[in-house]
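> Each chain, letter by letter, is given below.
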Amino acid sequence: MSLKNILENWSNYRRDREAGGHHEYEHMWGMAIDLNKCIGCNACAVACYAENNLAIVGKEKMTKKQGMHWMRIERYWGEPDLDKLSQSSSQYQEHGANFLPMMCQQCNAATCEPVCPVAATFHTPDGLNAQVYNRCIGSRYCSNNCPYRLRYFNFYSYYESSWPAPLHLQLNPDLSVRDKGVMEKCTFCIQRIRVAKDKARMEDRVEKEAAVIKVGDSTFRAAAGRGKLEDMEFQTACQQTCPTGAIVFGDMLNPESQVRKLWDGHQVSLGKTKQTKQNPEKRGYRVFEALNTDPCVMYMERVREV
Amino acid sequence: MNAGRGIVWSWALFLPLAVFLLLMMSSAQVYAEVPNAVPPKGDHKGEDVPQPIEFPHDIHAKINEINCMYCHTYARRSKVAGIPPTSKCMGCHSVIATDKPRIQKLTEYWEKREPPPWNKVHDVPDYVHFTHEKHLKRFVFDNEELPVERVSEVCAFCHGEVKNMTVAHKVKPLTMGFCVRCHEANKGPSDCWKCHK
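These protein sequence lines map, in sequence, to chains Z and B. Under this note's numbering, the first sequence is numbered contiguously, ending at residue 425. Under this note's numbering, the second sequence is numbered contiguously, ending at residue 214.
It is worth saying that the hints were derived from the structure and are not from the lab. Here the structure is a predicted model, which means the values were calculated and not measured. Be a bit skeptical, because a hint or two may be false.
To be verified - Capping the alpha-carbon separation at 27 angstroms, the derived lysine-lysine pairs in DSSO-like fashion look like this:
#1 204/B / 122/B
#2 327/Z / 96/B
#3 211/B / 318/Z
#4 299/Z / 178/Z
#5 122/B / 189/B
#6 211/B / 327/Z
#7 401/Z / 391/Z
#8 347/Z / 151/B
#9 151/B / 318/Z
#10 318/Z / 96/B
#11 180/B / 117/B
#12 79/B / 347/Z
#13 211/B / 347/Z
#14 122/B / 58/B
#15 204/B / 189/B
#16 79/B / 318/Z
#17 180/B / 327/Z
#18 347/Z / 333/Z
#19 123/Z / 122/B
#20 318/Z / 122/B
#21 117/B / 123/Z
#22 151/B / 211/B
#23 58/B / 299/Z
#24 401/Z / 327/Z
#25 327/Z / 129/B
#26 96/B / 347/Z
#27 58/B / 187/B
#28 180/Z / 123/Z
#29 123/Z / 180/B
#30 117/B / 96/B
#31 347/Z / 204/B
#32 204/B / 327/Z
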C-alpha cells in the first residue's frame, strides 16, 4: 500500500464504515466452534502441528510458556461444589473440565496490526490477519498487544531439534519453516485457502462484478474478480481432524455457507462490541468482544445439566 | 581543407553511434512484441552452474524449435516447471544422434536407471512460493493474441533467452523488487500472502 496509491484513491479511504470502509474483500473467512461438541481430545492441536510445521520445543520450554501450539485447548474448572468434594476422593469437580479451543481469532480490528513497526502483520483481502515471516524483525510488540495471547515467538532455532534427520521429510512444503527471531500464529491454513483459490481461478470460477454484502451489522465491499468457491470446498486442518465436528469453517460473505448460517442462527454478528439477541437462549458468543477487536471466531457456549 | 576534415570526422563519429542506436532499438523490440504484457526489467549476471551433461538448449529450442512446454510439461499445470524424466529424453535419443558423446553419457544414466543429477539454476528462497501455472495462464493461455508456439518469449521474462544458451544461466535478478515491479506494471496482486506464507 504505497503512498501514491493512497493519494490516487483518496475517496476510497474516506468511505464510511457503513459503506464498507476502505477495504475491498475477496472473502471473509470465519469459524464457528460448538463447545457442546468439544471433548477436549487435542486432535486439532496435533493436526495443526502436522500441517503447519510447528516446532516441538520440549517439556522444559513448554513450562516456560514458549510452546508453539497455534491451536491450543484451554481448560477451565468451574466453581467446585465443596459438599460433594468432601464426600468423594477426587479433587476435581464431578463433571470434569470445560474446554475452549483457542486459535488466532483473525480480528477485523486487530490489536496486533497497528503496532507492528515494519508492517509484517496486516489485513488481507480475505479478512485474515496475515503474518509475513520474512518481513518480521521480532520486536514482539504484536504479541504483547494481543489480548488472546495467540502469537508465538521463535526464541530459538528449532529446526534441528524438532525434525532430526528422517523426520524433516514430513515437513509441509507449501509453508515455510520458521527460524528464530520470527513471530508466528494461526493462519486459518492459508496454504489450503491458496490452493482452493488458485484452483477456482484456473477453472475460471470468478465472480465478475463487485458487490456490497451485508453480514449482520457490517458491510463489506466485495471486489470484482474474486474466486467463486463452494462452501466446504476445502477444510482447515483442525476442522478436518475434529472427531465430533465441533469446528465449522467457511466464507462469511457466502450467504449459503454453513458458518454464516450458524452465526445468523445464533444471532451473532460482526462489527459489534455487544451482541443484541432477541433470544437470550442462543448460545453464540465471541471472546473478549467488549474490547472491540471484532473477532471472526464464534463459540457456542456449553450447556450442562446441573 | 580543415572544413573537409571536420566533415569526415563527424561522419566517423556518427556511423558507430547510428549502428549502436539501431542495435539498441532492435534489442528492445524483442520484448515489445509480446502483446498484453509489460515484461519485467532488470538484468543479472548469474554464476555458471555446472551440470552433469552440458545440455544444449540452443539445439532443441532454437534450431529444432521444440516448444519449452514439450519437456517442461508441469509448468502449465503446477507450481514448478519441472525437469523432464530421462524417459522423455530417450524417447527421441534412442534413435537420434546416438553417436554424440553427450547422448552416450545420457544413455549410460538411462541404463544405470538413474536420473542425471541436474543442478538448480533458478532458485528462490524457501519462503517464496512462485506458481508457474498461474503466470502461464495470465500471459499465454488467457492471452488470445499470443499463440502457444511463442511461449518461449514469456518464459524469457524471468529466464532470459534460454534458446541462445547451452545450459541455462541466471540472467534475471529474481529479487522481490523485480517481481513487484512486474506485478505493478501488469496489475498483478500485491497481497504479501500471495507469495509468502
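> A separate judgement is required for each hint: does it hold in the structure or not?
Each hint, compared with the structure:
1. 204/B / 122/B: 46 angstroms, violated
2. 327/Z / 96/B: OK: residue 327/Z and residue 96/B at ~25 angstroms, within 27 angstroms.
3. 211/B / 318/Z: 14 angstroms, holds
4. 299/Z / 178/Z: 19 angstroms, holds
5. 122/B / 189/B: 30 angstroms, violated
6. 211/B / 327/Z: 20 angstroms, holds
7. 401/Z / 391/Z: Between residue 401/Z and residue 391/Z the Cα gap is close to 17 angstroms, so the pair holds against 27 angstroms.
8. 347/Z / 151/B: 16 angstroms, holds
9. 151/B / 318/Z: 10 angstroms, holds
10. 318/Z / 96/B: The given pair, whose Cα atoms are some 12 angstroms apart, holds under the 27 angstroms limit.
11. 180/B / 117/B: 20 angstroms, holds
12. 79/B / 347/Z: 41 angstroms, violated
13. 211/B / 347/Z: 17 angstroms, holds
14. 122/B / 58/B: 38 angstroms, violated
15. 204/B / 189/B: With a Cα-Cα distance of about 20 angstroms, the restraint between residue 204/B and residue 189/B holds, given a limit of 27 angstroms.
16. 79/B / 318/Z: Distance of about 33 angstroms is beyond 27 angstroms: violated.
17. 180/B / 327/Z: Status violated; Cα separation ~39 angstroms.
18. 347/Z / 333/Z: Holds, at about 18 angstroms.
19. 123/Z / 122/B: 56 angstroms, violated
20. 318/Z / 122/B: Violated, at roughly 40 angstroms.
21. 117/B / 123/Z: Answer violated: residue 117/B to residue 123/Z is near 58 angstroms, above 27 angstroms.
22. 151/B / 211/B: With a Cα-Cα distance of about 12 angstroms, the restraint between residue 151/B and residue 211/B holds, given a limit of 27 angstroms.
23. 58/B / 299/Z: 34 angstroms, violated
24. 401/Z / 327/Z: 37 angstroms, violated
25. 327/Z / 129/B: Since the Cα atoms of residue 327/Z and residue 129/B sit roughly 54 angstroms apart, the hinted pair is violated (cutoff 27 angstroms).
26. 96/B / 347/Z: This hinted pair holds, its Cα atoms lying about 21 angstroms apart.
27. 58/B / 187/B: 14 angstroms, holds
28. 180/Z / 123/Z: 46 angstroms, violated
29. 123/Z / 180/B: 39 angstroms, violated
30. 117/B / 96/B: The hint is violated at about 34 angstroms.
31. 347/Z / 204/B: 20 angstroms, holds
32. 204/B / 327/Z: 16 angstroms, holds
In this structure, the earlier hints numbered 1, 5, 12, 14, 16, 17, 19, 20, 21, 23, 24, 25, 28, 29, 30 are contradicted, and the remaining ones agree with it.
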